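There are 2 protein chains.
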Amino acid sequence: MDRRKFILGSSAGLLATSSLMSLSAFGCSTKKTVKSGHLVLRFKPYELKLKHAFNLAKSSRTTTPDVQVELEYDGIVGYGEASMPPYLGESVESVTKFLSSLDLTQFTDPFRMEEILAYVDSVAPNNRAAKASIDIALHDLLGKIMGQPWYKIWGLSTEKIHPTSFTISNDTPEVVQQKIKESEQYKVLKVKMGVPGDKELVETIRKATDRPLCVDANQGWNSKEYALEMCHWLKEKGCIFVEQPLPKEMLDETAWLREQSPLPIIADEAFQRLPDVVRFKDVYDGINIKLMKSTGLHEAYKMAVLAKSLGMYVMLGCMTETSCGIAAAAQLSPMVDWTDLDGNVLIGNDRFEGLIFEDGKVIPADKPGLGVSIIKGLE
Amino acid sequence: MDRRKFILGSSAGLLATSSLMSLSAFGCSTKKTVKSGHLVLRFKPYELKLKHAFNLAKSSRTTTPDVQVELEYDGIVGYGEASMPPYLGESVESVTKFLSSLDLTQFTDPFRMEEILAYVDSVAPNNRAAKASIDIALHDLLGKIMGQPWYKIWGLSTEKIHPTSFTISNDTPEVVQQKIKESEQYKVLKVKMGVPGDKELVETIRKATDRPLCVDANQGWNSKEYALEMCHWLKEKGCIFVEQPLPKEMLDETAWLREQSPLPIIADEAFQRLPDVVRFKDVYDGINIKLMKSTGLHEAYKMAVLAKSLGMYVMLGCMTETSCGIAAAAQLSPMVDWTDLDGNVLIGNDRFEGLIFEDGKVIPADKPGLGVSIIKGLE
Numbered sequence: 364m365d366r367r368k369f370i371l372g373s374s375a376g377l378l379a380t381s382s383l384m385s386l387s388a389f390g391c392s393t394k395k396t397v398k399s400g401h402l403v404l405r406f407k408p409y410e411l412k413l414k415h416a417f418n419l420a421k422s423s424r425t426t427t428p429d430v431q432v433e434l435e436y437d438g439i440v441g442y443g444e445a446s447m448p449p450y451l452g453e454s455v456e457s458v459t460k461f462l463s464s465l466d467l468t469q470f471t472d473p474f475r476m477e478e479i480l481a482y483v484d485s486v487a488p489n490n491r492a493a494k495a496s497i498d499i500a501l502h503d504l505l506g507k508i509m510g511q512p513w514y515k516i517w518g519l520s521t522e523k524i525h526p527t528s529f530t531i532s533n534d535t536p537e538v539v540q541q542k543i544k545e546s547e548q549y550k551v552l553k554v555k556m557g558v559p560g561d562k563e564l565v566e567t568i569r570k571a572t573d574r575p576l577c578v579d580a581n582q583g584w585n586s587k588e589y590a591l592e593m594c595h596w597l598k599e600k601g602c603i604f605v606e607q608p609l610p611k612e613m614l615d616e617t618a619w620l621r622e623q624s625p626l627p628i629i630a631d632e633a634f635q636r637l638p639d640v641v642r643f644k645d646v647y648d649g650i651n652i653k654l655m656k657s658t659g660l661h662e663a664y665k666m667a668v669l670a671k672s673l674g675m676y677v678m679l680g681c682m683t684e685t686s687c688g689i690a691a692a693a694q695l696s697p698m699v700d701w702t703d704l705d706g707n708v709l710i711g712n713d714r715f716e717g718l719i720f721e722d723g724k725v726i727p728a729d730k731p732g733l734g735v736s737i738i739k740g741l742e
Numbered sequence: 364m365d366r367r368k369f370i371l372g373s374s375a376g377l378l379a380t381s382s383l384m385s386l387s388a389f390g391c392s393t394k395k396t397v398k399s400g401h402l403v404l405r406f407k408p409y410e411l412k413l414k415h416a417f418n419l420a421k422s423s424r425t426t427t428p429d430v431q432v433e434l435e436y437d438g439i440v441g442y443g444e445a446s447m448p449p450y451l452g453e454s455v456e457s458v459t460k461f462l463s464s465l466d467l468t469q470f471t472d473p474f475r476m477e478e479i480l481a482y483v484d485s486v487a488p489n490n491r492a493a494k495a496s497i498d499i500a501l502h503d504l505l506g507k508i509m510g511q512p513w514y515k516i517w518g519l520s521t522e523k524i525h526p527t528s529f530t531i532s533n534d535t536p537e538v539v540q541q542k543i544k545e546s547e548q549y550k551v552l553k554v555k556m557g558v559p560g561d562k563e564l565v566e567t568i569r570k571a572t573d574r575p576l577c578v579d580a581n582q583g584w585n586s587k588e589y590a591l592e593m594c595h596w597l598k599e600k601g602c603i604f605v606e607q608p609l610p611k612e613m614l615d616e617t618a619w620l621r622e623q624s625p626l627p628i629i630a631d632e633a634f635q636r637l638p639d640v641v642r643f644k645d646v647y648d649g650i651n652i653k654l655m656k657s658t659g660l661h662e663a664y665k666m667a668v669l670a671k672s673l674g675m676y677v678m679l680g681c682m683t684e685t686s687c688g689i690a691a692a693a694q695l696s697p698m699v700d701w702t703d704l705d706g707n708v709l710i711g712n713d714r715f716e717g718l719i720f721e722d723g724k725v726i727p728a729d730k731p732g733l734g735v736s737i738i739k740g741l742e
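Chains as they are written, first to last, in our numbering: chain B, 364 to 742; chain Y, 364 to 742.
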C-alpha cells in the first residue's frame, strides 16, 4: 500500500498505524482515481503537537489526535478536519472507522448538503468530530465552487467580529506574568477554573492586567452555592461570563444559579446538538458552539440563529485544531457574542495558512470557501 | 420625465401616477447611470390583473397593486417585487415613498446582506412588502454572482418539495364543480372559510373530489367553541390543517383551541416577523411564512429554521405575485411542510418565466438566483 496517498474513504479499510501519523508519511492525492461528477473522500491522521503541555485537572498531554479530510468534486478540493481531544471519546481509530464506512460517491451533487449531512449523521450515532470533518470539507468545497467565503454567503461582515479570548494556563506567578506579557495582542483572557489554585491564578492575572476575563469552570464546582459565591467574586474581578460552572447533569441547580448569578452562565460540556438549544433556554444564558461538537458549520449556523432568536448569548469555541477548523468556525464569528478561537496558535505544526489575526480578532480571509490553503511542503 | 426609464431609487422623488401603472409605459433601464461597485436600485409600479375577481367577505377586487424592483451591481441585475393586497396597508404610494427614501449606493459590497437589510429595516417601521422587494432582488443578485439558486446555496433539494395547494373560491355549485375539474393538476385544494356558505362549499367540493383540503378561516370564527366544532367537522371532511381560525388578538382562545383541535392550527394574520415565532410557540401549531410579511427571504429562512427547531409546522404562502416573488418563496419550499404558492397563476399578466410546475409542485429552476427571467417584451 502506498502510504503517500490519502486513504480513499469508500474503498479503504480501517487504517491507523503509527507510521501514518508522522508528517513525512503524508503525500499528495492522485486525481486519476477521482470519478468525475461524484464526491470523493480522502483522509489521513495528523497528530497536532502542542506548543505547551495541556495541564488539566486529572491529566496532562502534549499532542491532540486529528484527522485531515479532503472532499473532491470535479477537480475542486475542500479541506476539513476532525480534532479529538481524548475526553470527548473519539480517536484516530474511531474517526478512521467512521469515515471508511461512508460512501459519498453516491452523491453526484455536492450542493445537496442537507441530504449528504443527514446521510453522514445517520451512519452511526455520536462521532461528532468525524461528522464535522465532512461538513467542514463540504463547506470549503461549496464555497470554492461559488467563489465566496461562507461569512459572505451568510450575509455577514467581518467588522462584527469580536476579539478572541486567549487561555492563560496555571503556573508559577512568574511564569503566569510572563504569559500575560507575551499575550498582549489578545484583548480578552480566559482562565480554566474548578482546579486547585484557580483563585490565586485570577489574582495573579489581575496584578498584571485589567483586560476582561472569561472563566471556564469545566464542571468543576460541585455546589450551586459555591458556584454563586464564585460568580460574585469573579464579577468583582472583571469577569464577563462563566462557562459550565456545574456538572452538566445538574440542570435544576444550574437554572437556580443562572437566576441568581451576576454573570451570564454558558453551557459547554452540557451542550452538543441543535435540539439542546431549546432544551437549555431556561437553564443557561447562552451556549458555546464548537464545530467538533455540533457536527460542523451547517448545524452550527442553525444553532446560532436559534439561540439568538431565543435571546441567548452565543459563544464560539474550538479544540486544538489547525487553521482549517479555526477558519471554518471564524466564518460564523460575526454572528456571535464571544469568540474563543485560539486553537491553532496552541499547536506547533499548523498545516494551513491564510487565516488573519488582527487587533486581537481572528478574521477569515476574503477568499472562497474557508479561505485557507495548505502550507507548502505539508500537502 | 422619461417614463421609459425605471425610477432611480436614490435620486427620484415620489412617483406613482396612474399612467406609470400601465404596461406600455415600462421600458428598459439605462446602464450608463450605474456607478460601478455600488448597489443601484430601480423600481416601477406594475398592476397585477387578476384572472378572476377576488371575492372576500367584505370586498371584491380585480387587480393587485405591485412594484417591480431591480438591484444592479457591476452589470448584474437582481429582480424583486412588492405585492400589496390592500388589506395589508401598503400601496404603490407607500412602497414608492419607502424605496425612494433608501440610499443603497452607500453599499459597495452586496454580500453584506445583514447590514444592508438592517439598514432597510431601520428606515421606517412596517413597509414589509417594500422591504421584501429589496431582499428578494438582493437574493437574486447574489445568487447570480455565485452562479447558484438559493435552494442549493441553503443545501436543499427540490425532491423535498410538497405539492402546492390551489384555492377554490366560492361560487354556484356548478361553477365550483367546474373549477375543481379545471384544477386537476393541483393535488391539494384550499378553501377560504369564515364566510356565509362555507360549509356548503366544502360539501360541494367533497362531492367532486377526495383530494386533501386545507382551510383558511381568515379570522372568521368568533368563538373558540364554534372553531373547535368546525375543526372536528373539517377533520371528517379530509381537511389537513386550519389557518387563522380566530381573530389574531384571541391568543388564549387560540391556545385552548389548539389543545383541543384534531387539526393543526396555523398562524397567518397573527404572524409577521421573526420574534413572533417564539411568541406563538405555545399558541399555534405552526406558522404561515409569506415573504411580503417576513420582509423577504433572509428573515424567512431564519423563521423556518427556528420554527422547525421548536417543533412547529411551517407553511409557505404568498400574495398574488408575479413568478418573481413566487420563485423567491419556492427556494425555501424544500424546508416546509405545506406550500401554498398559487399567486402567479391567479394573474393574467405575469412578467417572469422560468418557474417550473410539475406533479402539482412549484419547483424553482436550477438556475442562478431566483431562476426566473423577464418575459420578452415585458422588460
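Quick caveat, the hints were computed from the structure, so don't treat them as lab data. Note that this is a predicted model, so its numbers are computed, not measured. Any given hint could be a false lead.
Where chains are identical, the list cannot tell them apart; a pair therefore holds if satisfied intra-copy or between any two copies.
No farther apart than 27 Å at their CA atoms in a straight line, the calculated lysine-lysine pairs in the DSS-like style are these [as the list claims (entries may be wrong)]:
| no. | residue 1 | residue 2 |
| --- | --- | --- |
| 1 | Lys611 | Lys542 |
| 2 | Lys460 | Lys724 |
| 3 | Lys665 | Lys542 |
| 4 | Lys671 | Lys412 |
| 5 | Lys570 | Lys598 |
| 6 | Lys598 | Lys460 |
| 7 | Lys671 | Lys644 |
| 8 | Lys414 | Lys523 |
| 9 | Lys507 | Lys600 |
Evaluation of the provided hints:
1. Taking identical chains as interchangeable, the C-alpha atoms of lysine 611 and lysine 542 are never at most 27 Å apart, the minima being 31 Å within one chain and 60 Å between chains.
2. In this homomeric assembly, lysine 460 and lysine 724 never come within 27 Å of each other (Cα to Cα): the closest approach is 36 Å inside a single copy and 41 Å across copies.
3. Taking CA atoms no more than 27 Å apart as the test, lysine 665 paired with lysine 542 passes in neither setting, with 36 Å inside one copy and 42 Å between copies.
4. Taking identical chains as interchangeable, the C-alpha atoms of lysine 671 and lysine 412 are never at most 27 Å apart, the minima being 36 Å within one chain and 41 Å between chains.
5. In this homomeric assembly, lysine 570 and lysine 598 come within 27 Å of each other (Cα to Cα) only inside a single copy, at 16 Å, whereas the closest approach across copies is 71 Å.
6. In the homo-oligomer, the alpha carbons of lysine 598 and lysine 460 never lie at most 27 Å apart, since the shortest distance is 46 Å inside one protomer and 50 Å across protomers.
7. In this homomeric assembly, lysine 671 and lysine 644 come within 27 Å of each other (Cα to Cα) both inside a single copy, at 11 Å, and across copies, at 16 Å.
8. Proximity of lysine 414 to lysine 523 under the C-alpha cut-off of 27 Å is found in neither arrangement, the shortest distances being 30 Å within a copy and 48 Å between copies.
9. With identical chains, the CA atoms of lysine 507 and lysine 600 are never at most 27 Å apart, being 45 Å at best within one copy and 51 Å at best between copies.
The structure fails to meet hints 1, 2, 3, 4, 6, 8, 9 from the earlier list, while all remaining hints are met.
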